[in-house]
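Number of protein chains: 2
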Amino acid sequence: MRDRFDGVTLNQMVQFSSIDRSFAALADPTRRSVLERLGRGSATISELAEPFGISLTGMKKHVQVLEDAELLTTEKVGRVRRCHLGPRRLDDVQAWVDTYRRMLDERLDRFGELLERTKGNPHE
Amino acid sequence: MRDRFDGVTLNQMVQFSSIDRSFAALADPTRRSVLERLGRGSATISELAEPFGISLTGMKKHVQVLEDAELLTTEKVGRVRRCHLGPRRLDDVQAWVDTYRRMLDERLDRFGELLERTKGNPHE
Numbered sequence: 801m802r803d804r805f806d807g808v809t810l811n812q813m814v815q816f817s818s819i820d821r822s823f824a825a826l827a828d829p830t831r832r833s834v835l836e837r838l839g840r841g842s843a844t845i846s847e848l849a850e851p852f853g854i855s856l857t858g859m860k861k862h863v864q865v866l867e868d869a870e871l872l873t874t875e876k877v878g879r880v881r882r883c884h885l886g887p888r889r890l891d892d893v894q895a896w897v898d899t900y901r902r903m904l905d906e907r908l909d910r911f912g913e914l915l916e917r918t919k920g921n922p923h924e
Numbered sequence: 801m802r803d804r805f806d807g808v809t810l811n812q813m814v815q816f817s818s819i820d821r822s823f824a825a826l827a828d829p830t831r832r833s834v835l836e837r838l839g840r841g842s843a844t845i846s847e848l849a850e851p852f853g854i855s856l857t858g859m860k861k862h863v864q865v866l867e868d869a870e871l872l873t874t875e876k877v878g879r880v881r882r883c884h885l886g887p888r889r890l891d892d893v894q895a896w897v898d899t900y901r902r903m904l905d906e907r908l909d910r911f912g913e914l915l916e917r918t919k920g921n922p923h924e
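Chain order of the listed sequences is R and Z. Just so you know, our numbering puts 810 at position 10 of the first sequence, and the rest follows in order with no gaps. Just so you know, our numbering puts 858 at position 58 of the second sequence, and the rest follows in order with no gaps.
FYI, nobody ran anything at the bench for these hints, they're computed from the structure. Given the structure is predicted, the values throughout are model-derived calculations rather than measurements. Ideal Cβ positions, reconstructed from N, Cα and C, are used throughout, including at glycine. Certain hints may be false.
What the hints assert, rightly or not - Quick list of simulated restraints, FRET-style, between CB atoms:
id	chain 1	residue 1	chain 2	residue 2	range
1	R	Q864	Z	S817	18 to 26 Å
2	R	E916	Z	V877	21 to 29 Å
3	Z	L908	R	D898	15 to 23 Å
4	Z	E836	R	V880	42 to 50 Å
5	R	K876	Z	D892	30 to 38 Å
6	Z	T873	R	E875	45 to 53 Å
7	R	H884	Z	D898	15 to 23 Å
8	R	P887	Z	V877	42 to 50 Å
To be verified - Okay, the calculated bits of chain R under chain Z, using three or more residues with CB under 8 Å as the criterion:
id	region
9	832–846
10	878–885
11	893–903
As the list claims (entries may be wrong) - Okay, the calculated bits of chain Z under chain R, using three or more residues with CB under 8 Å as the criterion:
id	region
12	872–878
13	909–916
Chain R extracted, bound-state conformation (with noise of 0.2 Å):
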């Protein structure tokens, strides 16, 4: 067990932690923003920062956290850094959540079969 951190092989943590990484940098709604943002035209870090009234180091941080998840990459220009959307397209968060929500509707089902037997024969 002294190989494991948090219950889990160190192949399944690089095998998972692309996604991770993706849930990670989603959790915080400025970052969320950033990408948003980004949706609609590249821009420097000051341009994400301002609309935001946080600092630049406050905003170096979250760029830097969504460059690690490879949802936005950066390019110098001159002496200015440019942010980009980045290559990810989210297809194994997206793949997970509705793997999750299928398995919730099919428990749902379950549970309405179950209760429609129960009405049907009721002294059974």
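Given the structure of chain R, go ahead and fit chain Z onto it with the hints provided.
Using the frame of chain R, we list chain Z on its own:
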């Protein structure tokens, strides 16, 4: 700016906190596996902890995070706490991810059109 936290007003925080908690809860592979396990039926905290080889205390922390995100409910049965899938259907998470992916597709479409126009009129 004093009433702001991380550039987001308190109102926005309250408004966004449910989706924030969902994304954060799903950022851990053990917690996602716990939800998948509960999709097959309810379980005690010991039953959840065992296959991961983690302590009861460790699993209790994960269960608490999932419960705070309303992805899981717990019920005391005698001296044992049973866990069930919670009421959240991740509608907001799914909606955000869908919107993001549509936004990416639109950007790619615009880029493709630009490329087509450039090919059609190479000297323009």
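Structure-based check of each hint:
1. R:Q864 <-> Z:S817: 18 to 26 Å: 23 Å, holds
2. R:E916 <-> Z:V877: 21 to 29 Å: 26 Å, holds
3. Z:L908 <-> R:D898: 15 to 23 Å: 21 Å, holds
4. Z:E836 <-> R:V880: 42 to 50 Å: Given a distance of about 45 Å, which is inside 42 to 50 Å, the answer is holds.
5. R:K876 <-> Z:D892: 30 to 38 Å: Holds, at about 36 Å.
6. Z:T873 <-> R:E875: 45 to 53 Å: Roughly 46 Å apart at Cβ, these two residues keep to the hinted range, so it holds.
7. R:H884 <-> Z:D898: 15 to 23 Å: 21 Å, holds
8. R:P887 <-> Z:V877: 42 to 50 Å: 48 Å, holds
9. 832–846: holds (count 4)
10. 878–885: Check failed, 1 qualifying residues.
11. 893–903: holds (count 8)
12. 872–878: violated (count 0)
13. 909–916: violated (count 0)
Checked against the numbered hints above, the structure violates hints 10, 12, 13; every other hint is satisfied.
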